[in-house]
Structures are given as C-alpha cells and as structure tokens.
Amino acid sequence: MATSQIITVSNLVKDYFMGRQFFRALNGITFSAVKGEFIGFVGPSGSGKTTLLNIIGALDNPTSGEAIVLNKPVSTLHQKEAARLRNDSIGFIFQTYNLLPVYTVYENVEFPLLLLKKGNAEREHAVMQALEWVGLTAKAHSRPNQLSGGESQRVAVARAMVKVPEIVLADEPTANLDAANSHNILTMMQRLNDELKTTFIFATHDEKVISYLHRKIVLNDGRVVDDIMMN
Amino acid sequence: MIRFLLKGLIRDHHRSVFPVIIVSLGVMLTTLLFSFLSGVLSDMIDASARFETGHLKIVTRAYQTLSDQLPNDLALTHVDTLLASLRRDYPGYDWTARIKFAGLLDVPDEHGETKTQNPVFGLAVDLLRSGREAERLNVRKAIVSGRMPQHPGEVLVSDELARRIDVGIGHPITLLSSSSSGGMAIQNFIICGTVEFGIAAMDRGAMIADLSDIQYALDMPDGAAEILGYSPNGFYVSDEAAAMRHAFNDRFTRSADRYAPVMMTLEEQNGLGEYISYIDTVGYIVVGVFLAAMSMVLLIVGLMSGIRRYGEIGVRLALGESKDMIYTMLLVESVVIGIAGSCIGTVLGVAIAYYFQEIGLDITGALRNSSIMMSNLVRARIGAASFYIGFIPGLAATLLGTALSGIQIFKRQTASLFKELEA
Ligand SMILES: Nc1ncnc2c1ncn2[C@@H]1O[C@H](COP(=O)(O)OP(=O)(O)OP(=O)(O)O)[C@@H](O)[C@H]1O
Ligand SMILES: [Mg+2]
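These protein sequence lines map, in sequence, to chains A and B.
Numbering (numbering that gives the first Met the number 0) for the first sequence: 0 to 230.
Numbering (numbering that gives the first Met the number 0) for the second sequence: 0 to 422.
By construction, these hints were calculated from the structure, which means they are not laboratory data.
Watch out, some of these pointers could steer you wrong.
Stated by the list, open to error - Here are some chain B residues the structure puts well away from chain A; computed CB gaps all over 12 angstroms: (1) Thr80; (2) Gly182; (3) Ala259; (4) Lys322; (5) Leu347; (6) Leu360; (7) Ala395.
To be verified - Pulled a few chain B residues facing chain A out of the computed Cβ check, cut under 8 angstroms: (8) Met0; (9) Phe3; (10) Gly7; (11) Arg10; (12) Asp279; (13) Gly282; (14) Val285; (15) Glu311; (16) Val314; (17) Ala317; (18) Leu318; (19) Gly319; (20) Glu320; (21) Ser321; (22) Asp323.
We put the CB at the ideal spot given by N, CA and C, even for glycine.
Bound-form chain A, shown alone:
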C-alpha cells in the first residue's frame, strides 16, 4: 500500500561528471521501504551507499529515476522544499558525529527545533527527553570537545531524534566507535525504532550493525544485488 510506503526508489541512476568523463555511482536502484523498517545498505566501499542515502535525504539529485520520500519526489524538489522535507521529517547521523563545536550538547540537540520554530517550553521538554533517551542528561552543558566518541555519537542520535522524525538516515554511525559503544548506540536506535516507529536506514559495512538489521539491501557497483529480510 502506498500509504505505508514511505520511501519508493525506482530505477535510480546517479552519474558523477568529471570533465568529459562520467562515473555511474548508482545504476538503476529500485526498492521501497515501509514505516518502521530497520534497513541497511550494505556493500563494499564505493558501491554507492552514501550516494543513495544522500539522494533519499534530498541532499543530492538523481541523474534519472526517482526517489519518492514521504510522497515527495526528490528530483523535482526546490532546494527550499528539500530543506523543509529534511527539517520536518528526516534526521541524519554521520560517521564523524558532526556536532557544532561552539554549542553545548543541549544547544546542539535544540538546533533542529529552533529551525522548526518550536516554542521555548516545547523545546526544553523535547531536548531533555532526547537526552534522556541517549542517557546524557548529565552532560547537557558540556561542549562537544569534552565528550568521548561514544558520547558524541549519542548526542548526534539525540539531535536526529529530538524532532521525532519519520526517517533517520545513518551513514556508518559506528565506524569510529569501539564494540561496546557500537552496541550501546545500536540498542538505543533499536529501542527508538520499536517505541516511536521511526524508520532507520543505515549505510554500513560493519558486521555489528548488520547483525541488528531487520532488512539488508546489498549494493555492488551501484546496483542492488540482494535484498534480504533478517530475523
């Protein structure tokens, strides 16, 4: 049913142009996802995972084909509409955390809510709630440079989750974390997926991540070579 399908990707092609040459990073990707899935794009380096994630997140445009995200065709969105889509419905988590260094943990998590023009009380409540989810209320007033890698990534998760988005896109979220922290983060995400029905999409080749996935979409040379439900 189209209503439960929150992502529909059909025949997606992405070419990168380098002078007269072009490189086909995505070569006819087709798949769809329904609300509440816990999916991973898995594949070797250079297989197109990040490229696909960026197109789904409306940060990049496909060369041909279409990605319909929450009923919005990404390829024809104006950059303002794309920003609006990300703002309203998508949370990002990066390999390198990417917290804003001049702001405290609290302020980093608050930022998406400011963009959404939420009121003071609502912001404060949501930020504290999100910090509780990731177990970092005690560090609310620390700066990112005072945090460990695991803590930083938990803040990034809180920042992605604070607005309770429909979709969270996580690109190699555990690549810089040790095993214990990786499991910690993943359990947390799984719980949020369970409780809030947020759809999670990972790009990863980390076995630890793969072991948590409900569904694994295997990419190679810009194609889907396998799409496996896991149990």
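Knowing the structure of chain A, use the given hints to seat chain B with the ligands on it.
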C-alpha cells in the same frame, strides 16, 4: 534563531574577534586619516583666509598682475567709498582694507646711528579703529611680550625678528620703503610688542602696523593694496564666493582701466584651488585604498572561515536549513561583525582624532622654509563625515567580503559541501 547563531558567533573567536579587530583597525585608520586631512585642509584654508586671501579679495588689475612685488603704487584708491559700496551691496560680509609692504628696518643705537638693518615684510591692518582685524589675526594671543598698539606710531614685530635685530619693547625703529608715488618712504615707529603666530611665513620677519600709519608712511591717503571680504559665518563657501566674484567683475568688463578693481576668490589665489583639490583627491585615494585593502582582507578572512565552515554548513543543511537561510544568516553575522568593528573603529578613530584636534601635532620642523600660510600645529578635525567615512566602508567591506565568499556555498553542490563531513 538569530540569537542562537549570535551566541555561536561570539563563542567562536575566529569568526568574531578576529574580523572585528580587522574591521575596527581599518575603520580607525580611515577615520583618523580622513580627520587629519580635513583638519589640515580646513586649517590651511582658515589661516590663508585670515592672513592672506580673505574669502574674497579685491585689488586693482595692475596690482594683480604684479602682486608678488607688492606694487603699492598700483594700489586701490578711494577705498572708503569702495568699502561703503561693498558693505551696502553685500550686507553681512565683513570688508576690510589692508596694505602689504616690504622694506628695511633700520635700528638706531642710543646716538641715533644705524646699529643694524634687516629686511622686513609688513602687514598693515586696521588695529586702532576696530578690534575685528586684531581678532581675525589672533593678535592678542600671538603677543609674546608687550601689548597691542594703542596709539598711532606703535607697531608689533615678530619675536624672532626682534631677537635677531636685538630690540625690545619701547625701542624706536625706522621703516625704509618705497612710497606709492615711487619715492623713498621713511617713517619712525615704536615697538609696543612682539608676536609669534605659529605660522612660519609670518614669524620669520614680519611687522604688524596700523593701516592709517602705513597709509601715511607710504603716502597712500585713502588707499589700500587690497580689500578682503569675509563671509558672515566665517566659512568659505566656494559657490557663493564664485557667484559674488562674477557679479562684481562683470561690472568692469568693459572698462580698460588698469586701476579697475578685480575680485578674486580664495581658491584663485596662491594656488589654493589646486591645493584643495589635491588634498581632496589624496583623501579619496587614501580612503579608497584603505577600503580596497580592507575589503580584500575581509574577503580572504571570509573565504578562509567559509572553508572552515563547510562542515558546519553541511550539518546545518542536513538538519533542514536551506541555502538561502544559511546565506542570509552569514550576511546577518557579517552585519553584526561589520557594525561592531565599525563602531569600535569609529569610536577609536574619532577619539584619537579628537586628541589631535585639541592638542595638535607639531610640525614646525617640516615648515621651516615654507611660505604656505599654514599653522605649525597640524590638527585633526572631526566633522560629520568623520563618523561615516570609515563606518560605511567598514560595514560595506565586511558585507561584501561575506557576500562574495558565501557565494561558494551556492556554487557547490549540496552533497559536495556535505562531503567535507566525511573527510
Ligand atoms: N562527488 C563525486 N564525484 C565523483 N565521484 C564520486 C563523487 N562522490 C562519490 N563518487 C564516486 O561514487 C562512488 C560511490 O560513492 P559512495 O560515497 O556512494 O560510496 P560508498 O558506498 O558510500 O563507499 P564507502 O563505504 O567508502 O563510504 C565511488 O566510486 C565514488 O568514488
Ligand atoms: Mg560512504
């Protein structure tokens, strides 16, 4: 939102303190330099007007062509009538007659024999009938010893000259000059005071005498070398002066009389016009160069911090800001920085200029051989322009630097900005 971003701006010293320092330095220098230039220019105009040129000056045509020789035989006659008609035609203007003369000062010893002789440049102004000329030339303040002339036959000499020829207050001197009829003029005076104007050209060897004494001495009854006119508010207004000059001179265009009066504006004398436009040009160039340099530096700072911020901008895009919003926020930040820097710079610049307006900068050494009517003290002058001459370019340069460097954000693909995150 804006408050949130400003909080970040203030915390990030690379983005706030550093550019603010650059802007305030540039603005301060521009303001200071401009204030100095306008101070020098207005002091020069003012001193010239008071001592030499008036805002307007009337001489005879013949006198005009030979004016460096101070040809008093070609001077104006019937001066009282001329003054009366000028006062009638241009009410509010202050018209005054003067004679400039050159000669030898003969200093007698106690037996009446010549002790020394020294060339002298003299200025005869109305000192006894009204106080206006004394005030205009600031004579009272210039007196080093003795007092103002109060009786006919009393003169002031420059302190430097008095020391050179070794005379003091009450000493008789004899002026040897040529009379208006071309003969020898000899007249005795008593020194009643010595003066120092702080103007090199006046202080080297000048005497100041009352006009009627010199009219008598040079045999110029009702005559004067020149009539000077001063505007009612004391400021030289170029356009107004030019219009008056036109109207006045038009009345005599048909006359072939060598002794017909001609009126000249301040700018038409002593090359002052060129001087004024020269200093104006220099002023524009200086401000322009500062502006260009400041914009360049700020552009580079903007580019550098822009590159430093690709990561941050990538995250903000991912979190849902649009490029327009980010660009706008960058401009808002730069306006804040521009205003802060320009305010600090203007305040500092004006404060330092104020110091040099009140205290002045002594350039006596540089003027030792100068004949420009210029004060030995260079003063800055704070005018309305001092408050915006640096401020506006400072703000503009900051905004321009950010606007240009920020365009990079639009040029780059969102995803490639974003790539910086993965590096
Ligand atoms: N801006 C670009 N210009 C040219 N080629 C690019 C660009 N971005 C990505 N590519 C190429 O596209 C292919 C897919 O890149 P992508 O980043 O999606 O891979 P990935 O699966 O995320 O790899 P990794 O696991 O190393 O992160 C790569 O071969 C890469 O070299
Ligand atoms: Mg990748």
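Results for each hint:
1. Thr80: 81 angstroms, holds
2. Gly182: 90 angstroms, holds
3. Ala259: Given that every Cβ of chain A is farther than 12 angstroms from that of alanine 259 (chain B), nearest at about 78 angstroms, it holds.
4. Lys322: For lysine 322 (chain B), whose nearest Cβ neighbour in chain A is about 6 angstroms away, the distance does not exceed 12 angstroms, so it is violated.
5. Leu347: 28 angstroms, holds
6. Leu360: For leucine 360 (chain B), whose nearest Cβ neighbour in chain A is about 44 angstroms away, the distance exceeds 12 angstroms, so it holds.
7. Ala395: Alanine 395 (chain B) clear of chain A: closest Cβ-Cβ about 27 angstroms, beyond 12 angstroms.
8. Met0: With a minimum Cβ separation of about 5 angstroms from chain A (threshold 8 angstroms), the hint on methionine 0 (chain B) holds.
9. Phe3: 6 angstroms, holds
10. Gly7: Nearest chain A Cβ about 4 angstroms off; hint holds.
11. Arg10: 4 angstroms, holds
12. Asp279: 46 angstroms, violated
13. Gly282: 41 angstroms, violated
14. Val285: 38 angstroms, violated
15. Glu311: It holds, given that the least Cβ distance between glutamate 311 (chain B) and chain A is near 6 angstroms, below 8 angstroms.
16. Val314: Hint on valine 314 (chain B): holds, closest Cβ of chain A at ~5 angstroms, below 8 angstroms.
17. Ala317: 4 angstroms, holds
18. Leu318: It holds, given that the least Cβ distance between leucine 318 (chain B) and chain A is near 5 angstroms, below 8 angstroms.
19. Gly319: Glycine 319 (chain B) check passes; min Cβ-Cβ to chain A is 3 angstroms, inside 8 angstroms.
20. Glu320: Constraint on glutamate 320 (chain B) satisfied, holds at 6 angstroms.
21. Ser321: Holds. Min distance 4 angstroms.
22. Asp323: 7 angstroms, holds
Hint compliance for this structure: hints 4, 12, 13 and 14 are not met, and every other hint is.
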